[in-house]
Each structure stands twice: as C-alpha cells, then as structure tokens.
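All chains, please: the whole structure from these sequences, using the hints.
Taken in order, these protein sequences are the chains called A and B.
Counting from 1, position 100 in the first sequence corresponds to residue 100 in full-length UniProt numbering; the numbering is continuous, with no gaps.
Counting from 1, position 250 in the second sequence corresponds to residue 250 in full-length UniProt numbering; the numbering is continuous, with no gaps.
In short, the hints are calculated from the structure, not lab data.
Careful, some of the hints might be misleading.
It does not matter which identical chain is used: a pair holds within one copy or between any two.
List time: in silico DSBU-like cross-link candidates among lysine-lysine, alpha-carbon distance up to 35 Å [what the hints assert, rightly or not]:
id, residue 1, residue 2
1, 74, 166
2, 238, 228
3, 166, 71
4, 228, 71
5, 228, 166
6, 248, 74
7, 238, 74
8, 166, 238
On a predicted model such as this, the values are computed, not experimentally measured, just so you know.
Protein chains: 2
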Amino acid sequence: MLNNTIPVLDQSNTDACRSSSKGSTNGSSCAMKYEAFKVACSSCNLRELCLPVGLSQPQLSHLDSLVATRKTVKRGDALFHTGDAFRSVYAVRTGFFKTRISSEDGRDQVTGFQMAGELLGLDGISTDRHACDAIALEDSQVCVIPYAQLEDLSREFSDLQHQFHKIMSREIVRDHGVMLLLGSMRAEERLAAFLLNLTQRLHARGFSASALVLRMTREEIGSYLGLKLETVSRTFSKFQDEGLLEVKQRDIRITDEAGLRALVNSVRC
Amino acid sequence: MLNNTIPVLDQSNTDACRSSSKGSTNGSSCAMKYEAFKVACSSCNLRELCLPVGLSQPQLSHLDSLVATRKTVKRGDALFHTGDAFRSVYAVRTGFFKTRISSEDGRDQVTGFQMAGELLGLDGISTDRHACDAIALEDSQVCVIPYAQLEDLSREFSDLQHQFHKIMSREIVRDHGVMLLLGSMRAEERLAAFLLNLTQRLHARGFSASALVLRMTREEIGSYLGLKLETVSRTFSKFQDEGLLEVKQRDIRITDEAGLRALVNSVRC
DNA sequence: CGTTTGCTTGACAGCATTCAACGTTGGTGG
DNA sequence: CCACCAACGTTGAATGCTGTCAAGCAAACG
Numbered sequence: 001m002l003n004n005t006i007p008v009l010d011q012s013n014t015d016a017c018r019s020s021s022k023g024s025t026n027g028s029s030c031a032m033k034y035e036a037f038k039v040a041c042s043s044c045n046l047r048e049l050c051l052p053v054g055l056s057q058p059q060l061s062h063l064d065s066l067v068a069t070r071k072t073v074k075r076g077d078a079l080f081h082t083g084d085a086f087r088s089v090y091a092v093r094t095g096f097f098k099t100r101i102s103s104e105d106g107r108d109q110v111t112g113f114q115m116a117g118e119l120l121g122l123d124g125i126s127t128d129r130h131a132c133d134a135i136a137l138e139d140s141q142v143c144v145i146p147y148a149q150l151e152d153l154s155r156e157f158s159d160l161q162h163q164f165h166k167i168m169s170r171e172i173v174r175d176h177g178v179m180l181l182l183g184s185m186r187a188e189e190r191l192a193a194f195l196l197n198l199t200q201r202l203h204a205r206g207f208s209a210s211a212l213v214l215r216m217t218r219e220e221i222g223s224y225l226g227l228k229l230e231t232v233s234r235t236f237s238k239f240q241d242e243g244l245l246e247v248k249q250r251d252i253r254i255t256d257e258a259g260l261r262a263l264v265n266s267v268r269c
Numbered sequence: 001m002l003n004n005t006i007p008v009l010d011q012s013n014t015d016a017c018r019s020s021s022k023g024s025t026n027g028s029s030c031a032m033k034y035e036a037f038k039v040a041c042s043s044c045n046l047r048e049l050c051l052p053v054g055l056s057q058p059q060l061s062h063l064d065s066l067v068a069t070r071k072t073v074k075r076g077d078a079l080f081h082t083g084d085a086f087r088s089v090y091a092v093r094t095g096f097f098k099t100r101i102s103s104e105d106g107r108d109q110v111t112g113f114q115m116a117g118e119l120l121g122l123d124g125i126s127t128d129r130h131a132c133d134a135i136a137l138e139d140s141q142v143c144v145i146p147y148a149q150l151e152d153l154s155r156e157f158s159d160l161q162h163q164f165h166k167i168m169s170r171e172i173v174r175d176h177g178v179m180l181l182l183g184s185m186r187a188e189e190r191l192a193a194f195l196l197n198l199t200q201r202l203h204a205r206g207f208s209a210s211a212l213v214l215r216m217t218r219e220e221i222g223s224y225l226g227l228k229l230e231t232v233s234r235t236f237s238k239f240q241d242e243g244l245l246e247v248k249q250r251d252i253r254i255t256d257e258a259g260l261r262a263l264v265n266s267v268r269c
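Next up, the structure:
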C-alpha cells in the first residue's frame, strides 16, 4: 500500500558518492565530485529510478540539455515554499527531503519524504504556484528540470511523456495508500508500514534492506503518520521490546521483518 | 485545504438534466436525452469544469472525435475494479462516484467522491492497471476518454497537455489536503471540512451552496474521513444540536456556514 | 407488508494524546 | 578540552476522543 513500485536500480557503483550516516560530511564535496564527472541524465546512476526510465540514448541526450542546472540545498533549508512561483520540477540527486503543507491555523502535515531519484514539485502544476514546502533533511542536491521545457520535450517524445505521466500517477496512488494508512491503521501498523516502505525504497537504491538511518525526527515521522511524537517514540520502544527492531536513536535495525510485515497485514489484533 | 479550485460553471441551462434527489428516476432517460442532442465536449455544459478548460474551438473539435463513446453505470455498479486493465480515463457526465482501495486484510478506504466534470481513472496510468475501484453511487454516465489517444492528442496541443497535467496535479494537491485532514483533525473538523468542500463543488455546478443531498452512506463518509459510521452520525447530530445544520437523513441544510468554517480553521477548541 | 439496509443513540472500553519530567546527543564557546 | 545549551528522544500518569458493542428506529425495496 505504501510501497512505491520502483524498478530495481542498475547497481553500477552506486556507493561511490553517499553521505555518511554520521552526517559529518556536507553535501558539497559530493556535489563537486559529480560536477567533475560532468553528470548528465544519460550517465547518472539514478536513471533507472528517475525521470529517464525507459528512454533511448538519443532521447536521453535531449533530456541532458534540458536538465542543465543543479542546485544544492543545505540541511534545514527549503527548496521551495508554498506560494512560490512554479517554474521547475526537481529530481533528488543526493540527500533527503520532506514535503509539508500547513493549514491556516498553523497545523502542519508532512505529506512525503523524498530520496534520490524521486521528483519534487509536481504539486505546483495545478496553480502555477507551489502548494507545499520542500525542506532538505540533510545537505542535498537536486537536478532542476524547467517545467515548460519538459512539456515541450514530452510533446516530442511519447516515451518521456508517458514516463512523466506514470510518475504523476504513481504519486496519486501513493497518496491513496497513505490515506488508507491514516484512515484505518493503528499506531503500530502505521509505523511498521512506514519502516517497510522506507527500507524497500532504500534497498532499491543499493542500501541494506534491514538497517537504516532515519533522516527525520520523531516529530516529522509523527506528522507524516498522523501521530504525536510521543506515540512514535513509544511504538519504537515497543517494537524493540518485542524483538522486531533494534533502535538506537535514529539508527534502526530490523531484526524481524516478517514480524513487521505481519503487523501491517493483520486485521485488528 | 480540501477545496478544489474549480472555475465557475457557465450556467447555461445546467438544470435541464439532473437526477431527482428522490432517486426515483433512473439515469437512462437522462442519457437518452443527451444522446438526442448529440453531445460533444464542444457543446457540453460541463466543459468549463472538465478536461476541455481553456481549449480553442478547433482544439475542441479534435477532442470531440476522441471522446466518442459514453458509458452508463447503474447505481452500485463499478466503472472499473482494482486490477482491471487500464485503457481509458473517464469524465463524469452525470451522477456521482466513489473511489476506494482495499488492503489485503480487507480494510477499505474511500479515497474520493467524484461528481460531474471530474476525472476518474488517473491512478491506472502508473501500472497500466487500475489501482482502485470506482463505484457509482447513483445511476451515472461517463465520457470514455481512450488514454492512448489522449496522449497522442496532447502531444499535438500544448493547451490540452497542460490542462491534463493540471488536473493530475490538482488531484495530488487534493490528496495532500486529505492527508492533513486525516492526520491532524478531529471528527468535528473533518466532517465540517467535508461538508464545506462538497457544497463548494456543488455550488460551482449550479446547485445551492447551503442545501445538499448526500449521495453516500454514513459508512462511506466515515471511510473517507477515517471515522466510524457511528461517529459520523453522532457528529451530524451534534452539529444539528448546535444549530449549524439541519439533518434529515441524507438531506442536509447548512444553517450556519460561518460556524462550520470556524470549526475547520480553529486550533483545538 | 415484511425484510433489508441504513441511521441514531447509549454505555463502556481502549488507544492515542496531553502534560510533565528526565535523559541523551551534538554543537558552541569559554 | 570541557561545560553548557538547545534540540531531540524516552517514559510515566492521567485524560479524553473515538471505537466497539448493542439496541431500537426509520426508510427503502421487492
């Protein structure tokens, strides 16, 4: 339900540039390295997870000329804010983001967490202004995809057009899965589903399927899952007591994946 | 947050064919009538709410040839089911639908209610199979828009392409609003937001802004809002006691819209 | 006219929230 | 290098909102 069905990554050396789990390195050194390689979609090791999925080599080179600029966003900074003019969508290249919306009375809702290869900013198409804030949860870099040019190019290449539509549709399906989670699951089920979804996406990017470092706070997890931070913390502790996880602050090791999975798929006890 | 910002309908005789609130007429007589008028997008009185928004007359005639077939769906029947092959998107012409997803363990979540001019089936693009069930809540008729042809045509006309993207983006923004509702609002706030959203959309279609007939059961409202049907019922009663609404089963009259609006925008009491 | 489906209401229970205190970690500056 | 501070995380106790279970009523349908 929460699962993004993302094609498996071409594993050619994806570990080359990856921020350490200690968070001590900042993103810029990584960015420099990529720039040195003159990175383009056609040679990006994320291309099997990102917009270029399924494009031919000539199509890729057109896309390369479109995705000419990159942007570095420091941890805690916004890639865009609600109300900003919408000009581009963004592909996460390195790092990690959250998107959130705010109601007039100040309540926030985290609407998603985005990692490498995932697109940000699709909400902006509907009104020409962004409808959420996108905040970097660690030093990050994104590819800037000017939207007008993306529309132009996808009128030329039906493969690109179709892939873009698939990505938007996938976001809709994902959102519906989150609605199911928020509308009908209990705290334990929500957190279990969340962890399984995260590890599945990380695994598709070449990371371990059983160990992960959370890039977000308990409060951010809680906002996404419709829970208070105390409930998130308590549920982590409960999972640890039950032998499902090992929790050390933001370092999580899944010790009983089947147990987690059973939680998600079980009706009320 | 829940509000779809939909342009106001051109009011030329939109009341001509409208199923009675008693539900005693079936949709087919209505359908016949429309067929007699040889309905096309270019002459449809929903065109300012639907896919054709902003298209020129020549573009509209192209769209007319694409949207050649219509389909009648009886109350309770499905327009499509989860897993069905995806070939078309559908525009609601008359009637009312719900979409729902089911988890493996049998839990359902209503993900939306669709009325005239709104599109159904966008979820299917991502995997070439529909990802939800679309169920008619009253006898309904939809325009069938073959998706492959829609892609073809929107490569020719950037206006159509852009409008289609806007519609998908608007669905994403709407979903995020529902997440906010499910994640952070209490029962009263959820129901108030739901009613305001419904009346706003109905009003854009020429109906009263203060009276409405619910096409869905308390259970379906509850599923959409992440509440049990008893809670929905109790909250309706509470609103009535407080003088916000007059509730007679599915007939609702809003007697204090400002009061409802205040509920949605107020932080916790 | 009887049956089914949907709606309302009451009593009670349970899960998540709230409020509060304390512990941990990482960064900063003396 | 260490002390301090701020942000984050954990845990306990009590409250309350919503769910659960149950009964009765109303409306719709054949």
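Tested hints:
no. : hint      : verdict
1   : 74 x 166  : both (30 Å within a copy, 30 Å between copies)
2   : 238 x 228 : both (15 Å within a copy, 27 Å between copies)
3   : 166 x 71  : both (25 Å within a copy, 25 Å between copies)
4   : 228 x 71  : within (33 Å within a copy, 46 Å between copies)
5   : 228 x 166 : both (33 Å within a copy, 34 Å between copies)
6   : 248 x 74  : within (25 Å within a copy, 55 Å between copies)
7   : 238 x 74  : within (34 Å within a copy, 48 Å between copies)
8   : 166 x 238 : neither (38 Å within a copy, 44 Å between copies)
Hint compliance for this structure: hint 8 alone is broken.
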